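Quick mapping for you: the protein sequence lines, in order, are chains A and B.
The numbers in the first sequence follow the numbering used here, run straight up by one, and end at 252.
The numbers in the second sequence follow the numbering used here, run straight up by one, and end at 259.
Misleading hints may appear alongside valid ones.
[Stated by the list, open to error] No farther apart than 20 Å at their CA atoms in a straight line, the calculated lysine to aspartate or glutamate pairs in the EDC-like style are these:
no.: 1; chain 1: B; residue 1: K7; chain 2: A; residue 2: D171
no.: 2; chain 1: B; residue 1: K92; chain 2: A; residue 2: D109
no.: 3; chain 1: A; residue 1: K193; chain 2: A; residue 2: E217
no.: 4; chain 1: B; residue 1: K253; chain 2: A; residue 2: D45
no.: 5; chain 1: A; residue 1: K214; chain 2: A; residue 2: E234
no.: 6; chain 1: B; residue 1: K96; chain 2: A; residue 2: E234
no.: 7; chain 1: B; residue 1: K92; chain 2: A; residue 2: E101
no.: 8; chain 1: A; residue 1: K127; chain 2: B; residue 2: D4
no.: 9; chain 1: A; residue 1: K201; chain 2: A; residue 2: E218
no.: 10; chain 1: A; residue 1: K198; chain 2: A; residue 2: D215
no.: 11; chain 1: B; residue 1: K96; chain 2: A; residue 2: E101
no.: 12; chain 1: A; residue 1: K14; chain 2: B; residue 2: E257
no.: 13; chain 1: A; residue 1: K173; chain 2: B; residue 2: E257
no.: 14; chain 1: A; residue 1: K87; chain 2: B; residue 2: E257
no.: 15; chain 1: A; residue 1: K193; chain 2: A; residue 2: E218
no.: 16; chain 1: B; residue 1: K7; chain 2: A; residue 2: D129
no.: 17; chain 1: A; residue 1: K198; chain 2: A; residue 2: E217
Hints listed in this document are in silico derivations from the structure and should not be mistaken for laboratory results.
Note that this is a predicted model, so its numbers are computed, not measured.
Here are the chains, one letter per residue:
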Amino acid sequence: MNHFVIDLEHIWKKYPAKKDRPGFKEFMVNFYKLIYKKRNHVNSDFYAIRDLTLKIKKGECIGIIGQNGAGKSTLLSIILGTILPSKGRVTVLGRVTPLLELGAGFHQDLTGRENIILNGILLGMTKLDVLRKMDTIIRFSELEEFIDLPVRTYSSGMYLRLAFSVAIHTDPKILIVDEVLSVGDERFQKKSKEVILKLIKGGITTVFVSHNLKDIEEICNRALWLRHGQVIAEGEPRMVTERYKKEMNKIG
Amino acid sequence: MKIDRTKLQREIDLLWILTRKEIILQYKRTSLGIFWSLLNPLLLAFVFYIAFNIILGVHIPNFPLFILSALFPWTWFSTSVSASTVSLISNKSLIKKFPFPKHYLLIASVLSQGIHFVFSLPIIIILVYVYGKHVDIIWLTGIPILLIIQFMITIGLSLAVSVINVYFMDFQFIVGFLLQVLFWITPIVYKFDNIPEIYRTLFLYLNPLASLMSSWRELFMSNKIYWNWIGIALLGSISILFLGLAIFRRLSKRIDEVV
Numbered sequence: 001m002n003h004f005v006i007d008l009e010h011i012w013k014k015y016p017a018k019k020d021r022p023g024f025k026e027f028m029v030n031f032y033k034l035i036y037k038k039r040n041h042v043n044s045d046f047y048a049i050r051d052l053t054l055k056i057k058k059g060e061c062i063g064i065i066g067q068n069g070a071g072k073s074t075l076l077s078i079i080l081g082t083i084l085p086s087k088g089r090v091t092v093l094g095r096v097t098p099l100l101e102l103g104a105g106f107h108q109d110l111t112g113r114e115n116i117i118l119n120g121i122l123l124g125m126t127k128l129d130v131l132r133k134m135d136t137i138i139r140f141s142e143l144e145e146f147i148d149l150p151v152r153t154y155s156s157g158m159y160l161r162l163a164f165s166v167a168i169h170t171d172p173k174i175l176i177v178d179e180v181l182s183v184g185d186e187r188f189q190k191k192s193k194e195v196i197l198k199l200i201k202g203g204i205t206t207v208f209v210s211h212n213l214k215d216i217e218e219i220c221n222r223a224l225w226l227r228h229g230q231v232i233a234e235g236e237p238r239m240v241t242e243r244y245k246k247e248m249n250k251i252g
Numbered sequence: 001m002k003i004d005r006t007k008l009q010r011e012i013d014l015l016w017i018l019t020r021k022e023i024i025l026q027y028k029r030t031s032l033g034i035f036w037s038l039l040n041p042l043l044l045a046f047v048f049y050i051a052f053n054i055i056l057g058v059h060i061p062n063f064p065l066f067i068l069s070a071l072f073p074w075t076w077f078s079t080s081v082s083a084s085t086v087s088l089i090s091n092k093s094l095i096k097k098f099p100f101p102k103h104y105l106l107i108a109s110v111l112s113q114g115i116h117f118v119f120s121l122p123i124i125i126i127l128v129y130v131y132g133k134h135v136d137i138i139w140l141t142g143i144p145i146l147l148i149i150q151f152m153i154t155i156g157l158s159l160a161v162s163v164i165n166v167y168f169m170d171f172q173f174i175v176g177f178l179l180q181v182l183f184w185i186t187p188i189v190y191k192f193d194n195i196p197e198i199y200r201t202l203f204l205y206l207n208p209l210a211s212l213m214s215s216w217r218e219l220f221m222s223n224k225i226y227w228n229w230i231g232i233a234l235l236g237s238i239s240i241l242f243l244g245l246a247i248f249r250r251l252s253k254r255i256d257e258v259v
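Generate coordinates for the entire structure from the input sequences, incorporating the hints supplied.
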């Protein structure tokens, strides 16, 4: 038994170079290969993650920094389980609660209340759990008056508030956070940040992507700097962010 | 291995909410709501009545019961399969955000269409009595068996079709065409006995829907179960289910790279 809750070993993630879906001819040619996994290895394939190893213990808070396209979101999705790595081993013990692309899982035509149930169950709760926590979720989101309206009538701030509120009330054990400390207006931002900090202090394991280096230094106990899908530096947050800042200044 | 009750409960709830979502979303902004799913085959049956009875002069006794007893189950099958072609793409926001078994989306889609079929059973029962027949106890055996067989065929095809369509979008148009072909080579507007005798074996073994739809009709119209038809349909449905699952397993692994 290992004692890591998140254990990634030599992870690679490859994307085919072509963005578009194949046409009929290509499809027929590739169908055989697709099924038998015999795709030709063309050099133009894009690697979002290259040979990444990351081990996270229970209760740790890891901050991930890096420029756009460094593979941060891909890494989070691999931990979450929505993306499978092309190569390497992923072990995650326990349910992962995502705080990323908040509201992406909402259905426009369903009401706020219906979306709470849908999202809550997709986040790993039972229907009974969701119904029990319904009032708390609604109260935290401050959307009491609008909760039985379809979410297409919501403003983007209301949308985010509801999504955030559902996610943090699912009794998360492992939290992955992608730049969502900026939810709603200033007051709600403060409120949501406090909740996340309380969860982290409460011993929850967190993987945290942010461009705000100050947040990383304040909240995390370890930081990871990614570039082109590879780890450039790892360790004490201040040390990693200093190196990162230096490098950015050189480029800038 | 110990069965995790919460986990099982969660899986059931997941299937329930996804099915419910399909039903709500399908009719949320329409005024006739769920009745559209009944109205559609009813109107189609009326068109066939005009085309066959009035224009072509083919007289089939008890035509409304005759046609609807196969058309209702067919509608369940065909709406499920055509809805499944876009299912993974229209649910891509869920797929990208939550780690859950993706085949649940297809099961939910087939279940939600199946509920419409269950709603059509009272119409069948009314027609049975209108034409002086009766509902026999044998329905209690026949309906569950046929439901399970049809469910397996539909799920199997839906799984395959949905995942192929992610890689190859033209597929949905091909599916639309193939469904029409399938409709005409399945005994729905005609009886199984209308098929020339030399072709019957061919129909029976190559198209599991032929024995399935004929079984529905015989059950509703004559209170009979033909076990040889059931056997053939069952065999076909299991093969289709496993083939569909195999294709889905293979192709859905790399789905995040294309959706």
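Do the hints match the structure? See the list:
1. K7/B - D171/A: Between K7/B and D171/A the Cα gap is close to 15 Å, so the pair holds against 20 Å.
2. K92/B - D109/A: Holds, because 16 Å separates the two Cα atoms, which is no more than 20 Å.
3. K193/A - E217/A: 15 Å, holds
4. K253/B - D45/A: OK: K253/B and D45/A at ~18 Å, within 20 Å.
5. K214/A - E234/A: 17 Å, holds
6. K96/B - E234/A: Distance of about 28 Å is beyond 20 Å: violated.
7. K92/B - E101/A: 13 Å, holds
8. K127/A - D4/B: 16 Å, holds
9. K201/A - E218/A: Distance of about 12 Å is within 20 Å: holds.
10. K198/A - D215/A: Roughly 14 Å between the alpha carbons, so the hint for K198/A and D215/A holds.
11. K96/B - E101/A: Within the cut-off at roughly 10 Å; holds.
12. K14/A - E257/B: 9 Å, holds
13. K173/A - E257/B: 28 Å, violated
14. K87/A - E257/B: Measuring from Cα to Cα gives roughly 14 Å; hence the hint holds.
15. K193/A - E218/A: Holds - the C-alpha atoms of E218/A and K193/A are around 12 Å apart, at most 20 Å.
16. K7/B - D129/A: Satisfied, since the Cα-Cα distance of roughly 13 Å is no more than 20 Å.
17. K198/A - E217/A: 16 Å, holds
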